[in-house]
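Top line first, the protein sequences correspond to chains R, Y, B and S.
Taking the numbering used here, the leading residue of the first sequence gets 445, the next gets one more, and so forth.
Taking the numbering used here, the leading residue of the second sequence gets 445, the next gets one more, and so forth.
Taking the numbering used here, the leading residue of the third sequence gets 445, the next gets one more, and so forth.
Taking the numbering used here, the leading residue of the fourth sequence gets 445, the next gets one more, and so forth.
No wet-lab data here; the hints were simulated from the structure.
It is possible that some hints are incorrect.
Unchecked claim - Computed list of lysine to any residue pairs in SDA-like fashion (alpha-carbon distance at most 25 Å, straight line):
1. R:Lys550 x B:Gly462
2. Y:Lys550 x S:Leu500
3. R:Lys559 x B:Val499
4. S:Lys550 x Y:Lys559
5. Y:Lys559 x S:Leu500
6. R:Lys550 x B:Arg508
7. Y:Lys550 x S:Pro510
8. R:Lys559 x B:Asp534
Claimed, not checked - Here are the computed distance ranges between Cβ atoms for each label pair:
9. R:Gly568 x S:Gly485: 20 to 30 Å
10. Y:Gly558 x B:Thr532: 32 to 42 Å
11. B:Arg482 x S:Gly485: 49 to 59 Å
12. S:Arg522 x B:Gly485: 57 to 67 Å
13. S:Met445 x Y:Gly558: 30 to 40 Å
To be verified - If you want the ones that stay clear, here's a sample from chain Y, every Cβ over 10 Å from chain S, calculated:
14. Met445
15. Gln460
16. Met461
17. Glu471
18. His486
19. Tyr507
20. Pro510
21. Thr518
22. Arg520
23. Ile543
24. Gly558
25. Leu560
26. Glu565
27. Ser566
Heads up, the beta-carbon is just placed ideally off N, CA and C, and yes, glycines get one too.
Residue strings, one per chain:
Protein chains: 4
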Amino acid sequence: MEQVTTTRIRYADTDQMGYVHHAKYLEYFEIGRTEYMRARGHSYARFEESGLYLVLTEAHAAYRRPARYDMEVTIRTRLREVSHVQVTFDYTVENGREILCEGWTKLACTDRDGKLRRIPESLGKALEGVK
Amino acid sequence: MEQVTTTRIRYADTDQMGYVHHAKYLEYFEIGRTEYMRARGHSYARFEESGLYLVLTEAHAAYRRPARYDMEVTIRTRLREVSHVQVTFDYTVENGREILCEGWTKLACTDRDGKLRRIPESLGKALEGVK
Amino acid sequence: MEQVTTTRIRYADTDQMGYVHHAKYLEYFEIGRTEYMRARGHSYARFEESGLYLVLTEAHAAYRRPARYDMEVTIRTRLREVSHVQVTFDYTVENGREILCEGWTKLACTDRDGKLRRIPESLGKALEGVK
Amino acid sequence: MEQVTTTRIRYADTDQMGYVHHAKYLEYFEIGRTEYMRARGHSYARFEESGLYLVLTEAHAAYRRPARYDMEVTIRTRLREVSHVQVTFDYTVENGREILCEGWTKLACTDRDGKLRRIPESLGKALEGVK
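Let's have the full structure, built from the sequences with the hints guiding it.
Encoded structure:
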């Protein structure tokens with residue numbers, strides 16, 4: 445199930461080309477998965493407080509059209525796959541009906557010291573929308 | 445008259461101290477004045493399209509308490525003064541009733557080439573809340 | 445031919461995990477290709493002044509180990525392929541002999557209005573190391 | 445005694461005005477004081493590892509001229525004052541002989557929990573250049 449979030453482009457997110465700098469989309473993806481988790485009852489902030497982390501291991505982005513300052517863009521976040529230790533999300537960033545950027549990120553569950561840890565079962569189920 | 449805006453702290457806004465990096469507050473101030481102007485009928489995005497710019501000439505921030513990832517902070521923006529070519533805004537960033545940061549920025553009106561220009565009368569009046 | 449550049453990690457590049465935020469690597473890749481071009485006689489700053497742009501169309505990063513504040517990392521940039529309108533670079537970011545991150549970016553040549561344009565022959569040859 | 449550091453402006457540091465975004469100067473100031481400390485035998489990275497922090501309490505910047513992508517700017521850092529718990533640095537960011545930005549930051553010494561702590565005597569003396 446898709447999570448839909450909106451965010452407004454900050455001036456500081458643009459670069460001298462006049463559009464959003466490409467690295468900023470990874471921040472939009474991050475906003476998307478924060479809200480995906482929150483909507484399923486798992487605040488990522490509290491997850492870290494419990495001593496677990498979701499660490500990025502891979503990221504991909506394909507840029508379709510430029511985004512501009514002050515646009516209120518829509519971030520769509522979908523779960524692609526969750527395994528024992530890893531989770532993959534797909535994202536699209538849109539302006540109205542236009543796709544601006546598509547991408548995905550793979551994250552591994554670790555503890556404070558960076559050791560791989562099992563994704564807690566309750567989180568895994570929540571991400572999958574299983575009740 | 446005060447403009448009240450909220451924004452949620454992005455993960456990317458934090459640093460290794462575990463709080464929001466101090467430079468990010470200048471971005472929050474920027475969000476505040478974008479919304480201050482929009483609420484008074486003057487989109488800053490459209491202002492730039494007309495060939496005019498509000499360029500920062502001075503900024504000040506006093507940090508009271510740390511902000512954290514995922515907080516939904518309130519940005520309060522007030523006009524301190526508008527002259528023929530310059531405008532000064534005051535800001536506070538708050539978490540509930542706690543002040544996190546206070547500051548101000550001075551901006552000069554310029555054209556594309558950086559030459560000082562008069563602030564359009566309609567904008568000056570709108571900023572002051574004069575009808 | 446590989447271009448080797450070093451850069452020191454800024455405090456502001458870290459996040460609350462205590463490491464460099466993953467989006468920053470796209471900025472390091474950007475530093476790498478700026479220096480790749482400069483070393484081959486083509487300043488990207490001057491390229492833009494001539495009215496042409498290299499616009500990111502795709503980016504990929506795989507994160508191997510975390511980078512920390514104050515590390516002086518090595519960015520290795522290699523040309524993978526240059527066509528009439530597109531160029532692909534490969535990057536690794538390293539700390540001593542450890543690979544921290546590997547990635548690639550695909551860029552398209554456009555004019556100011558975002559229309560695809562041929563990569564100038566002199567640039568294409570310089571990127572390939574042809575004299 | 446002044447510390448002189450150079451850094452090259454990243455593309456990602458610019459905004460759609462075509463110049464460096466004003467918030468980035470706080471990052472340049474940070475680079476400046478990192479190098480000021482290192483040159484006096486006190487790595488700030490190691491300082492944090494020892495459990496102490498220098499936390500920003502106040503920042504000020506006055507913008508004189510715009511900085512551009514790819515400029516190699518000079519950051520000059522000077523100690524203004526160091527007390528038992530607080531230290532103030534002055535900065536100028538320059539391009540050749542032109543001053544781009546002047547500013548200062550005040551920092552307080554705290555422990556991991558944000559409690560004020562005395563600045564270690566060896567650090568205080570080193571900052572002042574006392575042997």
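Going through the hints against the structure:
1. As the CA atoms of Lys550 (chain R) and Gly462 (chain B) are separated by approximately 19 Å, the hinted pair is consistent with the 25 Å bound.
2. For the given pair, Lys550 (chain Y) sits about 21 Å from Leu500 (chain S) by alpha-carbon distance, which is consistent with the 25 Å threshold.
3. With a C-alpha separation of about 37 Å, the suggested pairing of Lys559 (chain R) with Val499 (chain B) is violated against the 25 Å cut-off.
4. Distance hint between Lys550 (chain S) and Lys559 (chain Y) is unfulfilled; the C-alpha atoms sit about 33 Å from each other, more than 25 Å.
5. In summary, the hint linking Lys559 (chain Y) to Leu500 (chain S) is not supported, as the alpha carbons are separated by about 34 Å, beyond the 25 Å threshold.
6. Between Lys550 (chain R) and Arg508 (chain B) the alpha-carbon distance is near 12 Å, which keeps this suggested pair within the 25 Å criterion.
7. In summary, the hint linking Lys550 (chain Y) to Pro510 (chain S) is supported, as the alpha carbons are separated by about 15 Å, within the 25 Å threshold.
8. Restraint check for Lys559 (chain R) and Asp534 (chain B): not satisfied, since their Cα atoms lie roughly 28 Å apart, outside the 25 Å limit.
9. Taken as a hint, the range 20 to 30 Å is violated for the pair Gly568 (chain R) and Gly485 (chain S), whose Cβ atoms sit roughly 49 Å apart.
10. Roughly 37 Å separates the CB atoms of Gly558 (chain Y) and Thr532 (chain B), a value that falls within the hinted 32 to 42 Å.
11. In this structure the hint that Arg482 (chain B) and Gly485 (chain S) lie 49 to 59 Å apart at CB is violated, the actual value being about 34 Å.
12. For the pair Arg522 (chain S) and Gly485 (chain B), the supplied restraint of 57 to 67 Å is violated, since their beta-carbon distance comes to about 38 Å.
13. A C-beta distance of roughly 35 Å is found between Met445 (chain S) and Gly558 (chain Y), which places it inside the suggested range of 30 to 40 Å.
14. No Cβ of chain S approaches the Cβ of Met445 (chain Y) within 10 Å, the least distance being about 25 Å, so the stated non-interface status holds.
15. Its beta-carbon lying about 8 Å from the closest one in chain S, Gln460 (chain Y) breaks the requirement of being farther than 10 Å from that chain.
16. Its beta-carbon lying about 6 Å from the closest one in chain S, Met461 (chain Y) breaks the requirement of being farther than 10 Å from that chain.
17. Residue-level check failed: Glu471 (chain Y) sits 6 Å from the nearest beta carbon of chain S, not beyond 10 Å.
18. His486 (chain Y), annotated as away from the interface, keeps every beta carbon of chain S farther than 10 Å; the closest lies near 18 Å.
19. Distance to chain S contradicts Tyr507 (chain Y) as a non-interface residue, since its nearest Cβ pair spans about 5 Å, not more than 10 Å.
20. Listed as a non-interface residue, Pro510 (chain Y) fails to keep its Cβ farther than 10 Å from every Cβ of chain S; the least gap is roughly 7 Å.
21. No beta-carbon of chain S is positioned within 10 Å of the beta-carbon of Thr518 (chain Y); the least distance is around 20 Å.
22. The Cβ of Arg520 (chain Y) sits about 19 Å from the closest Cβ of chain S, beyond the 10 Å cut-off, so the non-interface label holds.
23. Listed as outside the interface, Ile543 (chain Y) is consistent with that label: its C-beta sits roughly 13 Å from the nearest C-beta of chain S, beyond the 10 Å cut-off.
24. Interface exclusion of Gly558 (chain Y) from chain S breaks down, the closest Cβ pair being 7 Å apart, not more than 10 Å.
25. Even its closest Cβ contact with chain S, about 14 Å, leaves Leu560 (chain Y) beyond 10 Å, as expected for a residue assigned away from the interface.
26. A cut-off of 10 Å between C-beta atoms confirms that Glu565 (chain Y) is not in contact with chain S; the least separation is 24 Å.
27. The beta carbon of Ser566 (chain Y) is kept farther than 10 Å from every beta carbon of chain S, the shortest such distance being approximately 22 Å.
Figure legend: structure checked against the earlier numbered hints; hints not met, in rising order: 3, 4, 5, 8, 9, 11, 12, 15, 16, 17, 19, 20, 24.
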